[in-house]
Structures are given as C-alpha cells and as structure tokens.
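If you read the protein sequences in the order shown, they are chains H and X.
Residue numbering for the first sequence follows our numbering, starting at 4 and increasing by one per position.
Residue numbering for the second sequence follows our numbering, starting at 3 and increasing by one per position.
Hints listed in this document are in silico derivations from the structure and should not be mistaken for laboratory results.
Incorrect hints may have been included.
To be verified - Chain H side only, calculated, beta carbon under 10 Å to chain X, not exhaustive:
1) K96
2) G100
3) P127
4) R130
5) I131
6) L150
7) F157
8) F274
9) V308
10) G311
11) W315
12) F323
13) E324
14) F335
15) V338
16) P340
Note that CB positions come from ideal geometry on N, CA and C, so glycine has one too.
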Amino acid sequence: MLYREVGEFKTSYAADQQTFPIRFDKLAYFIILAFAFLVVPFLINDYWANAVLLPFLIFGIAAIGLNILTGYCGQVSLGSGGFMAVGAYACYKLMTGFPDMNLIICIILSGGVTALVGILFGLPSLRIKGFYLAVATLAAQFFLVWLFNKVGWFYNYSASGQINAPEREMLGIVISGPNSSPQAVYLVCLSFLTVLALIARNLTRGAFGRKWMAIRDMDIAAEIIGVNPLMAKLTAFGVSSFYVGIAGALLFSVYLGAVEVGEVFGIQKSFLVLFMIIIGGLGSIFGSLAGAAFLVLMPVVLKNVMVGSLGWPVDIAAHFEFLIVGSLIVFFLIVEPHGFAMLWRIIKEKLRLWPFPH
Amino acid sequence: MPAEFYYGVEVFLNGLMAGVMYSLVALGFVLIFKASGIFNYAQGIMALFAAMTLVGFQEGQIPFAHLINAVFGTEVHHFGWTMPAFFAILFALGVMLLFAFLVEKLILKHLVNQEPIILFMATIGLAYFMEGFGDLMWGSNVKKLDIGIPQGGNFWIEENTAFLGGADFYGFYLDTLDIYATVIAAVLVTSLVLFSQYTKTGRALRAVADDHQAALSVGISLRSIWVIVWGIAGFVALVAGIMWGSKSGVQFSLSLIALKALPVLMLGGFTSIPGAIIGGLIIGVGEKMFEFLIGAPLLGGATENWFAYMLALVFLVFRPQGLFGEKIIERV
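Same shape as in the complex, but just chain H:
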C-alpha cells in the first residue's frame, strides 16, 4: 500500500501527463490539503502564523511566479522585489480608491497591473539574453523602488512615505488591518497559494508550458520549429509577474499591513526569491514551495537555536545565516543543480521500483 507501480503501464498521453500518477501520492496530497485547511487553523497562534506560515505561503506564490519565468522559460530575473512592490502599491491604490471593492478582487487586479508592468520590462528580453537580461531586470528593480519612493501619488502623499492597509472584511471576518486574526489571514493566503499552484501546474504542462520550455532549452531552435518567441517570452513575463504581484499584494495587505518600499521590496527580496527556486529546483512547482519553506524556516530555526538556546547575540546569528545560506547555495549547485525537487524525484523513482529494484 505504501507505494505502487513497479514499471511503466501508461497507455495514453493523458496518463503520462498526470500530476499524480500514483494513487498513494494523490491520497497524500489530498490529506495534506485537508490538514492544511481544516486542522492547521485550529493549531496556529500569532507567532507561528507570522513567523513561519504566512511568509511561507506568500513567498511560495512569488517563487512559483519566478520559477515560471526563470525555471520554465529560462529568463533570469533579478527584479522580483520591484514587481512585488508594484503589486503592493497597486493593491493599496485600489483599496483606497475603491473602498467598497472586495479585497480579494483588489489583490487579483493588482496581479493584473503587475503583469502589465512585467510585460513592459520583458520587452527587452527579445533582444538581450542571459546575464544581460538579468542586469536589465535590475533596472526594473531600482527604478520601481525609486518611483514608489519619490512620487507622492503612489502613497497618497502620506507624511511618512509609508503605505498602510485599511481594514477590510470578507464574509463578516476581518482579513486585513491590525485587527485581523491569524487564522483568517492564513486561510486567505492558503487559498490563493492552492489555486495559483494548481493553475501554474496546469499551465506549465499545457501548450504554454511546452513553448516556454522550448524557448528555455534553445530559443533559436524553438523559433525554427514554430514557437513564436515574442508571445512565449512575453506570456512568461506576464504570468510570472501576475504571480509575483499577487504575492506582493498579499504581503502588504494581509501580512505586513504597513510597508516602506525600500526596506520591504529591496534587492535583497529579489535574491531571496531567486534562492528559493535555486534551492528548491528550477522548473518545478513542488520545488518552488520546498525552497520557500526551507528559506523561511531556516532563519527561524537558526535564530531559535543560536539566540534562544546558545544565547549568542542576534548579529552573530544573522552573520551565520548569510554564511549558511551562501554555502548551501554553492553546495546545492555542486551536488544537485536541480535542487530539492530533483532529490525528491530520485527518491520517488527508487520508491516506485521498490521492493524489486531490478
């Protein structure tokens, strides 16, 4: 019962493309989902929600977004922080401009706004490639942060230059602002992540995903076999920015509540999301989530061990965090350039043949 399928029994294309070809996996997936939706809300408190679960869910969305662009379409972006800022500020303008609009609609619309900005900054990708493009996305990062800092319209001319999320309700429950309960916020973020991950999985195994992967593997060859690079690259930029924008909007509206753009959406965030997908696995939805979980959990664990148990000063723990993250990235690239997702796949291959490995 633990695991099945000792060989290839597939007879149709649909069977080959299944997300969960093994019944045990499917069962495990639904059990985890049910656990996350039905049990976890009763277990969490403020600390767990704010320190671990919410950042994981939100950065999970951002990581899936970046993975679509970098992992599936092969366009490296260092501008995720800037695009998250676009999502956050779009959400803020929508929330304050249309006070009666449902917050969920605001967040989805701000994802749409970010998608448009992403397509705009994706246009140079048709001419430039590789590092050059990575550096070009840095332009987006710095320009957007500067823009939100300097132009008063974006933060409604507030004296501090910060944006603050007003209180919004859904079905009578407060989901944003200082009075929201961790359970409600958790469920909102979890629903977004579940739906978006499902969409991403289906997009990437459909026609769009195959076009993106063709472009990633070799763009000239892809062009010759009939993939339109303009469409493929721009849709990748658009979809990816949509995800990243939603992550930014969630981060601002339901999680942090107040945002100062240079601090929250700086270049460090871009790198953080990039590391999530490197460690998790390029070109894998599961990998994006695994990477996000790892990089969110690790600082918390390190801090608890070094500051809490060993009693070291906070700054030394922070230095160790950098050191460990850096060495882990190098280590993963050397040992397994495809990250956690690949390790998981290898384990599964072994399990599928078990107990008859030959």
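Following the hints, position chain X against chain H.
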C-alpha cells in the same frame, strides 16, 4: 560665462572621477569573465572583504573575536598592536590569494562545464557566504580605512581655476582622493595590459580566454590559470576596496558598487578591458550630469540609483554586445 556652466563642468569632472571608481570594480569582473566565462557577482563583496581584512590587520583585530566572545564568554578584541599600512596591504593580498586558491579548489573545480547561469548563481552564493564570513571574522561595524592617502578638496586646483569665472566662482572642487584613484587606476590598467601582452602567463591567460579546449590541448593548465585570474581579481578588488573604503568607510554598502559595475560592463562589453574603463566613465559622467540637469530639478533627485541601469537597458536594445564586446553569433 555663467556660474552654472562652470558648475556643470565641475559635475562633469566629478562624474569622470566617480566613473574611474566604477571602472576599478568593473575591471575585476572583466578579468574573470574573460578567462573563465564566469560572471563573478562576488567581486563587490571581495572588495569589501579585502578592505575589511586590511583594516583588521592594520588595527590588530583578532579574527572571529565576536564569535569567540560569544562562545567562551571572554572579552577579547585586539591583539594590542598596529601594523604599518604597507605590511597590512601585503597580508591582505596574501589572504586574497589564498581565497582565490580556495575558490578554485572548493567551488570552480566542481562546476566545470556547467551552464554560465549556474556559475553565476554559484558566485551569488559565494557572495552571501563571504558577506557572512567577513562580518563574522571582523565585525559588521563601519570601519575607517586610512592608509595615508590625503583626502578632501584639492586646494591647488581650486585656487588655480578660480580665475575662470566671475566673483562668485571659487574654482573647481575635486577630491584629492579621486585624483589618486585616477592615477592608480591608470597604472593598474597599464600594468595589466602589459602583463597580458608581454609575459608568458599573460599569453596563457589570453589563450584560455579565447578558447578553453584549444588552450588545454597545447598544455595550459586551466585550473592554475583560474587560480591566477581569481588572484589578480582579488588584487584588483583590494585596490578598489582601499579606494572606496578610504572614500566612504568600510561598510556593507561597499558591496553594492558591484551592482553599479554591472551596467558599466554592459555598456563596455563583458570582454573588453578598455571597455570597462570607458563604460565606467560614461556611466559616472552620465549619472552625475543626469542628476544635475534633469534628476534634481525635475524628478525629485536620487536618480543616481537607477539611471545607470536604465541607460544600459536602453543601450542594449540597440547594441546587445556593448560598445567593445565581440559580436555575438549564435548557431543552433
């Protein structure tokens, strides 16, 4: 001539000086990129680390003092001696060479034949590692670096150019440190060019840059070349670290100049040493002039943060290989 014009000229000159500083960092990138095809994101952190090490040696700091204190409950910070600048520079250089050796041994050796983007990400990881390591070793406080280069406005230039303008013009203000930096950069570039043109190792370096496999087949050891190149890049990082460190103190923001060096490289082309210099000058002058003419009066200032990237972005759309880069030819 109106005073604004002279002020504009001064901004232009200061832009040139800032450009020299960018070029110093960009130079390190070009060296490594040419010889190994690796885009070394850690170059900026290397400059920071080198400067930290230099200060650490000069002031006789005990490495990992904070960590030792935290673990053993002791209170040690300094050995109690100070080292002359010259020896400190030598020791710091030694550390950078050791670093180059270790990078090759522990990282690059295992990543031969990987895609460039994987190597690029590995250097980002390396940058994070060094940031944590450097802070752990020498502490993360802002340090003052002083190896005896004079600083402040240069009175000689100020006095001798004052006659150009009217009564309200007091001459051009140029930082002496920047002038030193310019001279040092010129010496550095000249010696690097001479080294790569007229020595045996230099020839080997150029051969590797041209074609890895052909170089291997005539008996050039790729791995020792990489150590040498990373060593030279470490040296360039040390020079850049000294210059930037004396200018604005040794602190984390030093590593961000690495990001500024990226547009410099894109303008100049990743493979050209003169390109790095000229790209640096264009970016330096461009961002200062843009801030002076358009940014500060019309856009609310602080445009220096993004101008360089935007310039490079627009430029790349028209000429993807940069000003001096080799033409990119792609085959299926």
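These are the hints, each one checked on the structure:
{"no.": "1", "hint": "K96", "result": "violated, 19 Å"}
{"no.": "2", "hint": "G100", "result": "violated, 23 Å"}
{"no.": "3", "hint": "P127", "result": "holds, 5 Å"}
{"no.": "4", "hint": "R130", "result": "holds, 5 Å"}
{"no.": "5", "hint": "I131", "result": "holds, 5 Å"}
{"no.": "6", "hint": "L150", "result": "holds, 9 Å"}
{"no.": "7", "hint": "F157", "result": "violated, 12 Å"}
{"no.": "8", "hint": "F274", "result": "holds, 7 Å"}
{"no.": "9", "hint": "V308", "result": "violated, 13 Å"}
{"no.": "10", "hint": "G311", "result": "violated, 14 Å"}
{"no.": "11", "hint": "W315", "result": "holds, 4 Å"}
{"no.": "12", "hint": "F323", "result": "holds, 6 Å"}
{"no.": "13", "hint": "E324", "result": "holds, 7 Å"}
{"no.": "14", "hint": "F335", "result": "holds, 8 Å"}
{"no.": "15", "hint": "V338", "result": "holds, 9 Å"}
{"no.": "16", "hint": "P340", "result": "holds, 6 Å"}
The structure fails hints 1, 2, 7, 9, 10 (numbered hints given earlier, in ascending order).
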